[in-house]
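Protein chains: 4
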Amino acid sequence: MTQRIDKALIAEQNDKLMPALLEDYDALARKLARQDIDIERITKQAELFQIAIPSWGTGTGGTRFARFPGEGEPRNIFEKLEDSAVINDLSQATERVSPHFPWDKVDDFKELKQYSDSLNLKWDSINSNTFQDQQDQQHSYKYGSLSNTSEAAREQAIEHNVECIKWGKILGSKTLTVWVGDGSNHPGQQHFQHAFERYLNSMKKIYAELPAGWELHIEHKMFEPAFYSTVIQDWGSNILAAMELGPQAKSLVDLGHHAPNVNIEMIVSRLIQFKKLGGFHFNDSKYGDDDLDSGSLHPYQQFLIFNELVDAQYRKQEGFNPNYMLDQSHNVTDPIESLINSAASVQRSYVAALLVNRPALTDYQLNNDALMASNTLKEAFHTDVTPILAMARARKGGAIDPIRTYRQSAYRATVAKQRPNSGGNGSGIV
Amino acid sequence: MTQRIDKALIAEQNDKLMPALLEDYDALARKLARQDIDIERITKQAELFQIAIPSWGTGTGGTRFARFPGEGEPRNIFEKLEDSAVINDLSQATERVSPHFPWDKVDDFKELKQYSDSLNLKWDSINSNTFQDQQDQQHSYKYGSLSNTSEAAREQAIEHNVECIKWGKILGSKTLTVWVGDGSNHPGQQHFQHAFERYLNSMKKIYAELPAGWELHIEHKMFEPAFYSTVIQDWGSNILAAMELGPQAKSLVDLGHHAPNVNIEMIVSRLIQFKKLGGFHFNDSKYGDDDLDSGSLHPYQQFLIFNELVDAQYRKQEGFNPNYMLDQSHNVTDPIESLINSAASVQRSYVAALLVNRPALTDYQLNNDALMASNTLKEAFHTDVTPILAMARARKGGAIDPIRTYRQSAYRATVAKQRPNSGGNGSGIV
Amino acid sequence: MTQRIDKALIAEQNDKLMPALLEDYDALARKLARQDIDIERITKQAELFQIAIPSWGTGTGGTRFARFPGEGEPRNIFEKLEDSAVINDLSQATERVSPHFPWDKVDDFKELKQYSDSLNLKWDSINSNTFQDQQDQQHSYKYGSLSNTSEAAREQAIEHNVECIKWGKILGSKTLTVWVGDGSNHPGQQHFQHAFERYLNSMKKIYAELPAGWELHIEHKMFEPAFYSTVIQDWGSNILAAMELGPQAKSLVDLGHHAPNVNIEMIVSRLIQFKKLGGFHFNDSKYGDDDLDSGSLHPYQQFLIFNELVDAQYRKQEGFNPNYMLDQSHNVTDPIESLINSAASVQRSYVAALLVNRPALTDYQLNNDALMASNTLKEAFHTDVTPILAMARARKGGAIDPIRTYRQSAYRATVAKQRPNSGGNGSGIV
Amino acid sequence: MTQRIDKALIAEQNDKLMPALLEDYDALARKLARQDIDIERITKQAELFQIAIPSWGTGTGGTRFARFPGEGEPRNIFEKLEDSAVINDLSQATERVSPHFPWDKVDDFKELKQYSDSLNLKWDSINSNTFQDQQDQQHSYKYGSLSNTSEAAREQAIEHNVECIKWGKILGSKTLTVWVGDGSNHPGQQHFQHAFERYLNSMKKIYAELPAGWELHIEHKMFEPAFYSTVIQDWGSNILAAMELGPQAKSLVDLGHHAPNVNIEMIVSRLIQFKKLGGFHFNDSKYGDDDLDSGSLHPYQQFLIFNELVDAQYRKQEGFNPNYMLDQSHNVTDPIESLINSAASVQRSYVAALLVNRPALTDYQLNNDALMASNTLKEAFHTDVTPILAMARARKGGAIDPIRTYRQSAYRATVAKQRPNSGGNGSGIV
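Residue numbers (full-length UniProt numbering), protein chains in the order written: chain A, 1 to 430; chain B, 1 to 430; chain C, 1 to 430; chain D, 1 to 430.
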């Protein structure tokens, strides 16, 4: 357990940074007070914000061309949990971890649960994996899993998902996220309708195994690994599938899985309206499913998505309770640093969206005052909420400047020694 | 009536071209016979193919930057019908015309019906227009029509659609197509959910006025004239709206209204599967809603769409009966030539799709033989069906080479004299 | 002259807002001081920032579908100058106006120059127009202007550009910006190489007429009005043309004229490196050349572009002296408000880019510390520089809150009475 | 050598198919004769057409998510050559193989040359690889190769390229193709200009080692593996680099390496015009660098590219002599089948482009007859040139139906037994 970040180190670092933080925080408090916003109410909400860490995100990612491993990468789910605990130590916003099976499969799930409890970590959505062949696997997924033309392959994929639910129950999870790589690379390869029907039939069998209180999240993706068509290519197919399955089925939005130029915040609104928004995989992208760090390229888009989410909360929209999770590929950074940074980036969007003057916005909308409506959002976005984020972390025992404190801790160098055979397979691929 | 194409001219031209056509047709017949395809069965289906002409397409189109009118443009719906009759004289595949109101509004719709009867033309889907302000209009659509925040503007837009139905009944149409320009140019300008709710409520009122046997077709568009969001931005919002409205509401696919890279043939398949494919606006595009001539850039995409349509026909898919219509902007060509050419281009895709060996394709699909599945489609696509198209036209009294015959007819020069004040507003804008 | 914004009104409004501004400004000064940044140095640079107003931007824009005019639109270049003066009264960052010929053509250019002098306005780049046909024009540009297959049409277009230079000399401009709509809508319509050769030959003739000290700016555009190909489609063709012409020819970057996903800040860097960055047309877009308000959708992209510009300034890059100009289409807002707002938005990016810690950034870059390099940019971007912008305006006599003061002034209502026949053609089309 | 396709099998299969082929060929000959085209002249040119096979393409490709190996994959360059020989046996259009180092590195390059000679195969362009780290490599390419901030890493990458030239000389190659994965994933990570300067300096050192008669081909790629920026992101940076280096440096066009919607045939024209078209990597794609089978999705685009190439040939454009090569990732098909099929697909575009009536096209272009210009291209494209392709193969000893004959040969099953440990690394990644 010595690898975790020493509380004394955090405290020492925070002590140095606190005077400046207090000065900025007070200035912001006065500014917000002039807008009739109580900074303490916002900071409280910032403290409550949580976003899950994907277990696989703690390893270095790569592309089909290469993977350049970093040092001290976690070699199994226990070490991934260690790294996740460090992230939460510093960020205080990531107490949940989302596992990926069979990558994170263990012999004794109760032991795994005890270990996560000991780290004060909880389990988020379970991710099944039927887009790769495992060594001992009977039927290949080369031509699909839940939509495969072979019934045996479909049954195998269904069975894997049912197992994931079983393991998730032990871990205390409440959600199964299903993303499949099924699709085609050639026109004609697949009969679109028959493939979708097979997919729906398979999903119905999985849905039937869902415990009460659980949700089944469907993830769509426009392309990759299939490059001509995918079975759940967009939110349209996604919501139709969720509607076919029933109320426990919802749609999950991964920010990188859309066609170019698509208005994602509008899709979020549609899913909210039809009570089908299950959750998010946050990341950023420029060209395709780039899986870059959340908010690193399009911070205003991230804000606009949270504008929809906070608005739904504000309107007390029925059935609104989405999951937040990061899903990124860290190819050139220390994964721990990127995850800390990205959690804060998403949290920043959430906090800024809390500052939007909603009654004024409604007024501008009803009067078609496009300019002032836009400026109302921008005023919130321009507000530098860094002091709120830092204060929320500090009050919960986290770091005011988590990257600096992490580097001071020398955690990476320490685990590099303890994980000599890291850099292998199974980690970091998103 | 002297403007129409002289049957003697057509016959004379066809006589010259017939020997070569017969030689090619016979060679193709022998080739198809080796594939167990009876060319006569295909030619018969080609003869039955129909695609509607948009009345506005007979004028020269333009962009926000400029419109460069051609000579002899039609100045009203009567002259548009004349031009449409010429197109059908030559192409024999375009006996229906789709009007646009109020552009084509007349004082006496019965007179208009008599005129179209006299030209052997029928009326296709009625297009309402609430994306422009008319001179005598009480409430502006600057900030939307069916989703406007003003109830008065919404009611005005509803009323216009109800009138369109009324006029359509006189003309013998059976479909109302609703496309609105509603949307926003600024984040925050519109509350996405409230705007969509207002849109749905307005559409419900229109739907309630739909006569038995009619369909209401909803057209989505990703952008333009609104550039940040549109109320019906994609097939997802489209099908949800159609489902909310009821069985007489269906989705219309305009090939140019999608995000870049989107797999349109797959959307067609999804709409077929959920019994919501209402019809098409055919055109081609490279960058946005370019409204280029159908099949001029992406002939294989057009073929793949017809592969889905012919497959649905082949499988006797329930509730499958879509409308076909051209919807193009002819900025640099004679609109009559482009419409003749494009009707033949769409017909070419249909005929080629009829040649697909579907039992073999099914086999390849079930065996995941991606390469041979792809080649099965390509074999049909590579087949030069020009002789079938030409023969189908010739047998029905149309022209073997319709562009050549049209130019020989000097129709354009003739109407240029008869329509001295053409080149004005109201035509060609798509 | 009574239409202009009363200085007393500005002063009165500023007086009310000054106490809060001072509080925020002081807090920001202290925060920046901790980063060793002297706020006064930054504010001084903010005061010097200038961006030109496009004369046509003062009218309401539209699309090929419709234009919804606002009230009191300027009816000629004199009224456009009045509106521009108002924008500068309030923003104090827009003392230059860019005219568009023949839209802004007058009989007596000296009189026009006297009028602009009287308003303390200067003239920015001259824009020629060979993408529309004018009423008295001998040769049509339907099939192109500088690249037309007809020599007479090309000569006419060249002659127009030479006239533009002549008028620009009277007005005191130093730049001619050439954007043409030349291109094609059909594969095969144009011989790509021959069209480009004709374009280059025409441009060489214009270049030969360029006075000493002038620059010729070439603007590329991927599509619209031509939808299959354009003669100067991207920065590649643009820079090659500029290199063929000579040192006075440079490339102009319009933010909306690129393919989806393109990294525009990188293009800016390349043009700087090869000494060919002439200037900018600022606007924002989501789907195509949407011409939305600058920074309204992608504020971080705008910042990243200014990061390149400030970096070039910092490195004292040879030959670096680009023009800044807005080029937007205001379809749903008061154009004056949008132009004020957008000038401030661009200025915001500039000021934020000044805050980047460049020595630290260089260090991170050399050490491949991608995360901290990214965070260094983000730290500057997150800083709310609103107080600097407001203070810079106030110190120069502009408005702390220019939109509010503008609305208080009732300028629009005043001119609405004075411009009874506004809402006509020639304005607002971008 | 028993693995190669038995000539007797080919002859036997061809004998069965020849009567039908002759019938179709004769019919096509008559049709072309009516257009004054001598089919024999076209068939002769088809026989001369050659396109290189990428050595790595003979293995199954994959994505970052998974690779699903096929059976009997080649385990080294000798087995890749065997497979290439089979492809050429059947297609008679692929006598050159393009190697990739260090993947295809051997101890004795003379032995390799002797082996390729024995198979009647020649060597195409040499591909260097500095986008992966090799096991024994001193400096990592994680942060770039030719543009790395570390001089030692740059020198290592330069040295590798110089070695590639050395090996290529032994093999009889005349071209080095350089594609690097250099770029960045975060704004700020890289200084764009400095990175490009480092790249250019490295390339100058490689260029200096180029033997007389060799060419250096630069390949650009918009993204992947770098997801925010790449050093040679588009044809603009590519041609500028080639111009900086000198006349032996040219640009290579990979069809999948462009932004969405980009007009690639126009880029081809520009490179031809500026004497910088080095060659092609043919493949097809829908979403990104999908590396699908050439012409499988966009056959008309492929034709339009060949329309430019044949036009340059027709105009005897100076310095025009591009390399053709396939570069695809075969994830769901037998790579040999895909390569045979794709070579024929590219050849089909070439042959169809030969049929374009160029004098007529020129006439239509000069008269701005967009419709007939478009139809002139379409007439050639619609012509089913399958009989020409088959006859060209048959006359050279290849297979009329190469896929069918390949399957009859049971080659794959045979090598599957001889290559027990296939399915490993190093193959198929594109």
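Simulated from the structure, these hints should not be mistaken for laboratory data. Hints should not be assumed to be uniformly reliable.
Heads up, the list lumps identical chains together, so a pair's fine if it works in one copy or across two of them.
[Unchecked claim] The list that follows gives simulated cross-link-like pairs (lysine to any residue, SDA-like), each with its CA atoms no further than 25 Å apart:
{"#": "1", "residue 1": "K316", "residue 2": "N120"}
{"#": "2", "residue 1": "K105", "residue 2": "E379"}
{"#": "3", "residue 1": "K31", "residue 2": "Y115"}
{"#": "4", "residue 1": "K142", "residue 2": "A360"}
{"#": "5", "residue 1": "K316", "residue 2": "L200"}
{"#": "6", "residue 1": "K110", "residue 2": "E95"}
{"#": "7", "residue 1": "K31", "residue 2": "A394"}
{"#": "8", "residue 1": "K44", "residue 2": "A416"}
{"#": "9", "residue 1": "K122", "residue 2": "F274"}
{"#": "10", "residue 1": "K396", "residue 2": "A259"}
{"#": "11", "residue 1": "K113", "residue 2": "T149"}
{"#": "12", "residue 1": "K7", "residue 2": "I170"}
{"#": "13", "residue 1": "K16", "residue 2": "D26"}
{"#": "14", "residue 1": "K174", "residue 2": "L9"}
{"#": "15", "residue 1": "K169", "residue 2": "F78"}
{"#": "16", "residue 1": "K166", "residue 2": "A152"}
{"#": "17", "residue 1": "K44", "residue 2": "P260"}
{"#": "18", "residue 1": "K31", "residue 2": "L17"}
{"#": "19", "residue 1": "K113", "residue 2": "I264"}
{"#": "20", "residue 1": "K110", "residue 2": "A11"}
{"#": "21", "residue 1": "K105", "residue 2": "A11"}
{"#": "22", "residue 1": "K417", "residue 2": "L200"}
{"#": "23", "residue 1": "K7", "residue 2": "E215"}
{"#": "24", "residue 1": "K31", "residue 2": "S422"}
{"#": "25", "residue 1": "K396", "residue 2": "R75"}
Just so it is clear, the structure is predicted and the values come from calculations on it, not from any experiment.
**Item:** K31 and A394: within-copy, between-copy, both or neither at 25 Å Cα
**Value:** So K31 and A394 pass the 25 Å test inside a copy (21 Å) and across (19 Å) alike.
**Asked** When no copy is specified for K174 and L9, does a C-alpha distance of 25 Å or less occur within a copy, between copies, both, or neither?
**Response** Answer is neither; intra-copy 35 Å and inter-copy 61 Å both fail.
**Prompt:** Are the CA atoms of K122 and F274 at most 25 Å apart within a copy, between copies, both, or neither?
**Reply:** neither (29 Å within a copy, 40 Å between copies)
**Item:** Up to 25 Å CA-CA - E379 versus K105, copy category
**Value:** For K105 and E379, neither the intra-copy (47 Å) nor the inter-copy (40 Å) Cα distance is at most 25 Å.
**Request:** Have a look at K44 and A416 and pick one of within, between, both or neither, based on CA distance no larger than 25 Å.
**Result:** The answer is neither: 37 Å in one copy and 49 Å across copies each exceed 25 Å.
**Message:** When Cα atoms must be at most 25 Å apart, do K113 and I264 count as within-copy, between-copy, both, or neither?
**Reply:** Neither: 36 Å inside a copy, 46 Å across copies.
**Request:** Up to 25 Å between alpha-carbons, please classify K113 paired with T149: within, between, both or neither.
**Result:** neither (37 Å within a copy, 45 Å between copies)
**Prompt:** Given identical chains, is K396 near R75, meaning Cα to Cα at most 25 Å, within a copy, between copies, both, or neither?
**Reply:** Intra 30 Å, inter 56 Å, cutoff 25 Å: neither.
**Prompt:** Taking 25 Å as the upper bound on the Cα-Cα distance, should K110 and E95 be classified as within, between, both, or neither?
**Reply:** Within. Shortest intra-copy distance 19 Å satisfies the 25 Å Cα cut-off; inter-copy 61 Å does not.
**Prompt:** Between the shortest in-copy and the shortest cross-copy C-alpha distance, which are at most 25 Å for K110 and A11: within, between, both, or neither?
**Reply:** For K110 and A11, the Cα distance exceeds 25 Å both inside one copy (34 Å) and across copies (67 Å).
**Asked** How would you classify K316 and L200 at a CA-CA limit of 25 Å: within, between, both, or neither?
**Response** between (32 Å within a copy, 21 Å between copies)
**Item:** Within, between, both or neither, where K31 and L17 count as close if Cα-Cα is 25 Å or less
**Value:** both (21 Å within a copy, 13 Å between copies)
Checked against the numbered hints above, the structure violates hints 1, 2, 3, 8, 9, 10, 11, 12, 14, 17, 19, 20, 21, 22, 23, 24 and 25; every other hint is satisfied.
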